[in-house]
Amino acid sequence: MEETHTDTLPLTMNSSEKKETVCIFGTGDYGRSLGLKMCQCGYSIVFGSRNPQMSSLLPSGAEVLSYSEAAQKSDIIILAIHREHYDFLTELTNVLNGKILVDISNNLKINQYPESNAEYLAQLVPGAFVVKALNTVSAWALQSGALDASRQIFVCGNDSKTKQRVMDIIRSIGLTPLDQGSLMAANEIENYPLQLFPMWKFPLYLSAALCLFFFCYCVVREVIYPYVHNMEDNTFRIAISIPNRVFPIVALMLLALVYLPGVIAAILQLYRGTKYRRFPDWLDHWMLCRKQIGLLALGFAFLHVLYTLVIPIRYYVRWRLRNLTITQATLKKEDPFNTSSAWLSDSYVALGILGFFLFVLLGITSLPSVSNMVNWREFRFVQSKLGYLTLVVCTAHTLVYGGKRFLSPKILRWCLPSAYVLALIIPCALLVIKFILILPCIDKTLTRIRQGWERDSKFSKSALNGKTDI
Amino acid sequence: MEETHTDTLPLTMNSSEKKETVCIFGTGDYGRSLGLKMCQCGYSIVFGSRNPQMSSLLPSGAEVLSYSEAAQKSDIIILAIHREHYDFLTELTNVLNGKILVDISNNLKINQYPESNAEYLAQLVPGAFVVKALNTVSAWALQSGALDASRQIFVCGNDSKTKQRVMDIIRSIGLTPLDQGSLMAANEIENYPLQLFPMWKFPLYLSAALCLFFFCYCVVREVIYPYVHNMEDNTFRIAISIPNRVFPIVALMLLALVYLPGVIAAILQLYRGTKYRRFPDWLDHWMLCRKQIGLLALGFAFLHVLYTLVIPIRYYVRWRLRNLTITQATLKKEDPFNTSSAWLSDSYVALGILGFFLFVLLGITSLPSVSNMVNWREFRFVQSKLGYLTLVVCTAHTLVYGGKRFLSPKILRWCLPSAYVLALIIPCALLVIKFILILPCIDKTLTRIRQGWERDSKFSKSALNGKTDI
Amino acid sequence: MEETHTDTLPLTMNSSEKKETVCIFGTGDYGRSLGLKMCQCGYSIVFGSRNPQMSSLLPSGAEVLSYSEAAQKSDIIILAIHREHYDFLTELTNVLNGKILVDISNNLKINQYPESNAEYLAQLVPGAFVVKALNTVSAWALQSGALDASRQIFVCGNDSKTKQRVMDIIRSIGLTPLDQGSLMAANEIENYPLQLFPMWKFPLYLSAALCLFFFCYCVVREVIYPYVHNMEDNTFRIAISIPNRVFPIVALMLLALVYLPGVIAAILQLYRGTKYRRFPDWLDHWMLCRKQIGLLALGFAFLHVLYTLVIPIRYYVRWRLRNLTITQATLKKEDPFNTSSAWLSDSYVALGILGFFLFVLLGITSLPSVSNMVNWREFRFVQSKLGYLTLVVCTAHTLVYGGKRFLSPKILRWCLPSAYVLALIIPCALLVIKFILILPCIDKTLTRIRQGWERDSKFSKSALNGKTDI
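Protein chains in written order, with this note's numbering: chain E, 1 to 470; chain G, 1 to 470; chain D, 1 to 470.
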């Protein structure tokens with residue numbers, strides 16, 4: 001499922017009049033792709049190269065000259081060269097004086113060098129205007145049309161006029177420039193394409209730890225305990241039965257952990273009596289990766305659904321049901337129908353289905369293209385109201401699952417309760433606290449604090465009664 | 001799953017040269033967030049405040065002055081103040097004369113005031129150019145980077161030059177301005193962020209009504225009837241069995257209701273002999289919320305699939321199957337295999353799976369980012385051809401489900417047929433009418449009408465033979 | 001699920017000052033919709049019509065004049081007329097001299113005429129500046145607001161100034177212009193909206209052929225063979241059992257075919273010792289439609305999952321299980337529990353679930369809006385690492401499914417092995433080759449080739465040690 005393009009328009013053109021001449025230093029893959037793209041959009045391209053004679057595969061119509069000759073042809077020079085080879089530019093300082101140098105380089109590691117490539121370039125050629133841009137788009141995306149890949153191009157530079165010119169060029173080749181400020185931003189821009197899901201790290205470690213803990217816990221209770229006590233070989237439960245206990249537990253706990261930081265923040269604000277003090281860093285970071293935690297929870301819930309639905313086609317389940325039937329048949333004893341069991345079993349399953357359905361809804365609305373379509377009020381309605389509803393339904397599902405067995409002493413093995421009992425602690429506590437927080441008296445105070453009121457401030461009265469800013 | 005940002009680039013910069021100075025009135029949350037964002041994008045910010053000394057948490061580098069001092073520093077003044085506190089602006093009319101006032105305020109309710117905030121502002125300060133903008137983006141989205149939240153900013157104003165300037169600023173901070181015309185549009189722009197899924201209201205009420213009706217219908221047939229006749233307690237069916245009857249029925253009916261207005265419109269156009277007369281309002285509204293109705297139908301179909309797949313793990317089903325087996329085992333009687341039952345059961349299930357698969361395809365192509373990738377012809381192919389195929393397959397699924405029992409008198413209880421029989425009325429009627437409409441002779445007339453031909457027009461001949469406009 | 005709009009802002013405005021006057025030739029649906037939209041965005045519109053008196057349903061405030069009168073009112077004339085009726089323009093050459101003509105026409109078939117409509121127009125009116133634009137957006141999308149439908153507008157033209165003006169107009173009505181170069185691109189732009197999933201054709205034919213082959217193969221083995229040998233009527237297997245063999249096989253083969261071209265390309269590059277030679281055309285095309293092949297594979301996998309999950313509610317399966325139980329019950333013989341069967345069955349199912357889960361993840365990340373959010377490194381990580389993991393898990397799933405029966409002679413029928421054995425050939429071969437390719441010694445050479453090194457080049461040494469361009 002690599003990204004492809006149904007709608008690339010690889011237009012070969014030789015327009016009679018050209019927009020302007022742009023110089024590209026370097027005839028590597030990236031230089032060539034960019035040159036071709038800009039040719040198609042009407043620019044006249046001059047390549048600068050070490051060996052102008054040897055360069056091949058260049059877009060037809062583009063000139064190839066030596067570096068200094070090429071630089072003289074244009075105001076704007078795009079550097080498609082690795083940072084390690086920037087030093088030859090020092091020989092060209094005269095030619096490059098007053099020109100716009102566009103640094104598009106990337107490094108191999110985050111913070112590989114003390115300063116960013118663009119700042120290093122600005123030191124090498126102090127007379128030039130350095131603009132950082134285009135490092136987030138790949139040669140491949142340029143070649144195959146820009147409709148599919150991300151079209152956001154971060155741009156930064158100290159001189160706003162030259163930055164504006166570079167942004168115009170970027171816009172004219174079908175990409176979306178995004179001004180990120182001065183060259184001090186270059187470091188962040190250069191690190192961006194090297195990141196590997198930075199916001200996912202904490203949620204992934206968290207869920208891995210939870211999975212591991214509950215897996216071991218269940219192995220102890222369901223494999224080791226029966227082996228020690230009855231010499232039963234239950235190892236086959238590791239494949240499906242135990243994952244199908246671990247996944248729903250982790251899903252429920254992660255879902256609760258999505259809403260926990262909001263509640264903690266509310267308590268902190270109530271305690272401090274103001275919203276104008278920063279939250280501790282761990283809470284800030286936690287709040288920023290709530291979406292990722294929620295999506296992981298959805299993944300575990302999805303696995304739980306699949307693991308549950310395959311139950312009837314498992315060999316073990318079929319064998320057990322058949323033997324039960326055979327035993328009863330040989331005893332010629334029919335099972336009486338137990339309405340309350342039917343109710344418990346059905347409502348437990350129905351709650352699970354509804355919870356999963358709401359969960360999927362939440363997941364769909366967190367797709368970027370869907371969340372872009374809704375306004376702020378709708379987004380908050382879905383993520384907050386619907387999210388809590390999901391949590392309530394899923395918690396109820398787990399509670400009803402326990403049914404009569406819940407905390408009965410029979411279920412203890414080596415004093416360990418069922419794993420799902422542990423899983424219920426956080427969601428139940430969270431729901432109780434949330435319920436307290438939405439009691440009218442507390443909710444009113446919280447709303448006032450969030451509108452800017454401060455309990456300890458001498459100006460609080462005026463802030464409340466006077467002009468309140470948005 | 002709150003919206004977060006993996007790619008916020010919170011750039012602190014102190015660029016040597018600034019773009020231009022912008023003044024923000026009000027140092028509340030929104031004012032500060034906007035100011036910080038604009039600082040990062042190279043603007044020089046001056047805040048206007050009641051108490052310039054007391055303002056805290058402002059972006060470093062920003063000045064805070066009194067309102068009138070601040071207003072003198074810039075051409076453009078962004079009002080981050082609630083409408084209720086606009087009156088102090090009347091004292092500043094001299095200073096504000098000829099300046100651009102950007103109204104970013106929102107109200108708490110739709111149509112809270114007789115005129116929009118922006119128009120009210122224009123009345124208060126007649127000498128200023130009022131532009132409405134930025135009310136749809138939240139302080140939170142500004143703070144955390146604009147990549148994830150909706151970046152569409154509606155802008156309106158009477159003076160196009162000043163509006164253009166505001167749009168340039170919006171574009172430069174990474175948002176997408178959308179010109180909505182003169183200040184008369186301000187009312188709609190202000191109502192936009194207060195809406196809560198306006199297009200979903202009718203579809204939701206409709207499906208709730210259908211669910212309620214069929215739920216009661218099924219309760220009467222499957223819970224009350226057996227209780228009255230045989231004193232059986234079937235209440236446990238309310239949890240799963242009855243929802244699993246109601247959901248597929250509602251899904252099928254809603255799917256048919258997606259395509260019904262198109263057929264009604266075609267009949268109307270055939271009857272009137274022209275496409276140049278407006279449809280009645282109810283039909284217009286119905287056609288506008290077809291996507292929502294279809295998505296709700298998909299939701300019910302999804303629930304139906306889950307409710308069906310859990311059947312074998314229900315206590316009731318296991319109990320019934322076991323008892324059946326035990327009875328036969330004690331009678332030592334094996335069941336003969338019935339090929340036609342196998343065919344009926346399998347083809348009913350296979351049709352259901354295919355129908356659901358097509359339905360999911362329809363749902364995926366209606367995701368905004370997917371529908372953006374296809375051209376108009378492809379979109380119509382998917383939504384029309386694939387949509388009707390889905391309807392045909394789902395209707396066939398329901399018909400085969402009935403199988404031999406369909407309309408047999410045995411199935412009547414208190415003269416009430418099975419619920420699925422009622423559900424089939426609309427889809428079957430729709431498919432018959434659609435079939436008639438695509439007969440060549442009728443289809444030809446319809447196509448001519450849709451290309452602009454009018455039956456009763458004296459100019460129809462010329463329109464057909466002469467120059468036809470697009 | 002037709003596309004609708006919750007957020008259309010149908011603004012009726014009579015702004016005191018207008019941006020500029022634009023002339024539209026043709027008062028058909030498209031002309032009117034475009035006119036209305038431009039009116040709303042502040043333009044003053046003059047329509048040109050054959051019968052200015054007869055035109056109806058035009059936006060209020062718009063003038064309707066004869067063609068030549070209308071043309072004199074504005075610099076920019078948008079032609080909302082079919083190509084067949086362009087000839088009247090030759091009479092207006094004097095008036096049209098020096099004006100900008102925007103050609104928005106579409107044809108009914110791809111390459112219907114020898115030259116594009118825009119080039120034909122440029123020949124008819126040589127003195128005018130012809131710009132091709134707006135042909136990809138429908139009248140309907142214009143009417144109902146541009147937030148939902150694709151907002152990308154391809155623009156081309158020989159004169160860059162006039163092209164720029166048209167692009168500004170397009171941007172001001174809320175659409176995103178995309179410069180495609182000179183008028184030679186008009187042909188491709190005109191063909192674009194007529195395409196019907198061009199990239200999907202090969203994948204669809206491929207999977208249809210695979211389905212057909214394996215369907216026939218399975219019918220021979222599972223329906224015809226038992227009929228010939230035992231006179232059993234197994235035709236009912238055609239509805240579910242056989243599709244549920246065919247779909248997973250096709251899914252696995254298609255998934256392998258997604259990654260095969262990459263491996264072939266690597267071998268070709270290793271053999272040639274350079275990356276600077278074009279791949280054969282078939283390989284190029286294959287690589288471009290990998291995403292489509294992968295999505296089809298996901299579709300088949302989804303069907304396989306559904307077909308598998310309904311197994312326990314099928315009449316045939318229930319009948320078989322019941323009879324097995326009855327037979328054993330009458331013999332009063334209980335089945336001993338077989339741990340290795342439980343392990344095989346459970347691990348086979350668990351692998352299938354994990355494989356499907358990873359597959360769904362791949363599918364979600366290939367949604368345009370999701371892939372837009374990740375940077376290049378993340379995208380490659382997901383599509384390459386995660387993709388191969390999916391392939392490994394799914395292949396293992398199939399291998400374990402075979403279990404002990406794999407290639408046992410008992411399973412041969414008319415010398416035909418089980419279908420899944422055939423399905424395993426390509427994935428297993430692919431995984432073996434891939435494993436060889438990632439051995440350090442080979443991987444190193446390949447990486448060097450992909451960084452630009454050439455084995456046979458006299459310059460290879462310099463390219464490696466000297467300055468390497470990006």
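Honestly, the hints are just simulated from the structure, not real lab data.
Mixed in with the good hints there might be a few duds.
Below, in silico cross-link-like pairs of lysine-lysine (DSS-like), each with a Cα-Cα straight-line distance of 25 Å or less [said to hold, decoys possible]: (1) D/Lys332 - G/Lys333; (2) D/Lys201 - G/Lys385; (3) E/Lys385 - G/Lys385; (4) E/Lys73 - D/Lys109; (5) E/Lys444 - G/Lys444; (6) G/Lys332 - D/Lys332; (7) G/Lys332 - E/Lys161; (8) D/Lys161 - G/Lys161; (9) D/Lys109 - G/Lys444; (10) E/Lys275 - E/Lys385; (11) G/Lys275 - G/Lys444; (12) E/Lys161 - G/Lys161; (13) D/Lys161 - E/Lys161; (14) E/Lys385 - E/Lys333; (15) E/Lys109 - E/Lys201; (16) E/Lys385 - E/Lys332; (17) E/Lys333 - D/Lys73; (18) G/Lys333 - D/Lys73; (19) G/Lys201 - E/Lys332; (20) D/Lys444 - E/Lys109; (21) E/Lys333 - G/Lys333; (22) G/Lys161 - G/Lys99; (23) D/Lys333 - G/Lys332; (24) D/Lys275 - D/Lys434; (25) E/Lys332 - D/Lys333; (26) D/Lys109 - D/Lys73; (27) E/Lys333 - D/Lys385; (28) G/Lys444 - E/Lys332; (29) G/Lys161 - D/Lys333; (30) D/Lys201 - D/Lys109; (31) G/Lys385 - D/Lys109; (32) E/Lys201 - D/Lys385; (33) D/Lys99 - D/Lys275; (34) D/Lys275 - E/Lys332; (35) E/Lys333 - G/Lys332; (36) E/Lys385 - G/Lys333; (37) D/Lys385 - E/Lys109.
Hints, one by one, checked against the model:
no.	hint	result
1	D/Lys332 - G/Lys333	holds (15 Å)
2	D/Lys201 - G/Lys385	holds (17 Å)
3	E/Lys385 - G/Lys385	violated (37 Å)
4	E/Lys73 - D/Lys109	violated (45 Å)
5	E/Lys444 - G/Lys444	violated (65 Å)
6	G/Lys332 - D/Lys332	holds (12 Å)
7	G/Lys332 - E/Lys161	violated (93 Å)
8	D/Lys161 - G/Lys161	holds (21 Å)
9	D/Lys109 - G/Lys444	holds (19 Å)
10	E/Lys275 - E/Lys385	holds (22 Å)
11	G/Lys275 - G/Lys444	holds (14 Å)
12	E/Lys161 - G/Lys161	holds (21 Å)
13	D/Lys161 - E/Lys161	holds (21 Å)
14	E/Lys385 - E/Lys333	violated (50 Å)
15	E/Lys109 - E/Lys201	holds (17 Å)
16	E/Lys385 - E/Lys332	violated (53 Å)
17	E/Lys333 - D/Lys73	violated (96 Å)
18	G/Lys333 - D/Lys73	violated (93 Å)
19	G/Lys201 - E/Lys332	violated (57 Å)
20	D/Lys444 - E/Lys109	holds (19 Å)
21	E/Lys333 - G/Lys333	holds (17 Å)
22	G/Lys161 - G/Lys99	holds (12 Å)
23	D/Lys333 - G/Lys332	holds (14 Å)
24	D/Lys275 - D/Lys434	holds (19 Å)
25	E/Lys332 - D/Lys333	holds (15 Å)
26	D/Lys109 - D/Lys73	violated (34 Å)
27	E/Lys333 - D/Lys385	violated (56 Å)
28	G/Lys444 - E/Lys332	violated (71 Å)
29	G/Lys161 - D/Lys333	violated (92 Å)
30	D/Lys201 - D/Lys109	holds (17 Å)
31	G/Lys385 - D/Lys109	holds (19 Å)
32	E/Lys201 - D/Lys385	holds (17 Å)
33	D/Lys99 - D/Lys275	violated (48 Å)
34	D/Lys275 - E/Lys332	violated (77 Å)
35	E/Lys333 - G/Lys332	holds (15 Å)
36	E/Lys385 - G/Lys333	violated (56 Å)
37	D/Lys385 - E/Lys109	holds (19 Å)
The structure does not agree with the numbered hints 3, 4, 5, 7, 14, 16, 17, 18, 19, 26, 27, 28, 29, 33, 34 and 36 stated previously, though it agrees with the rest.
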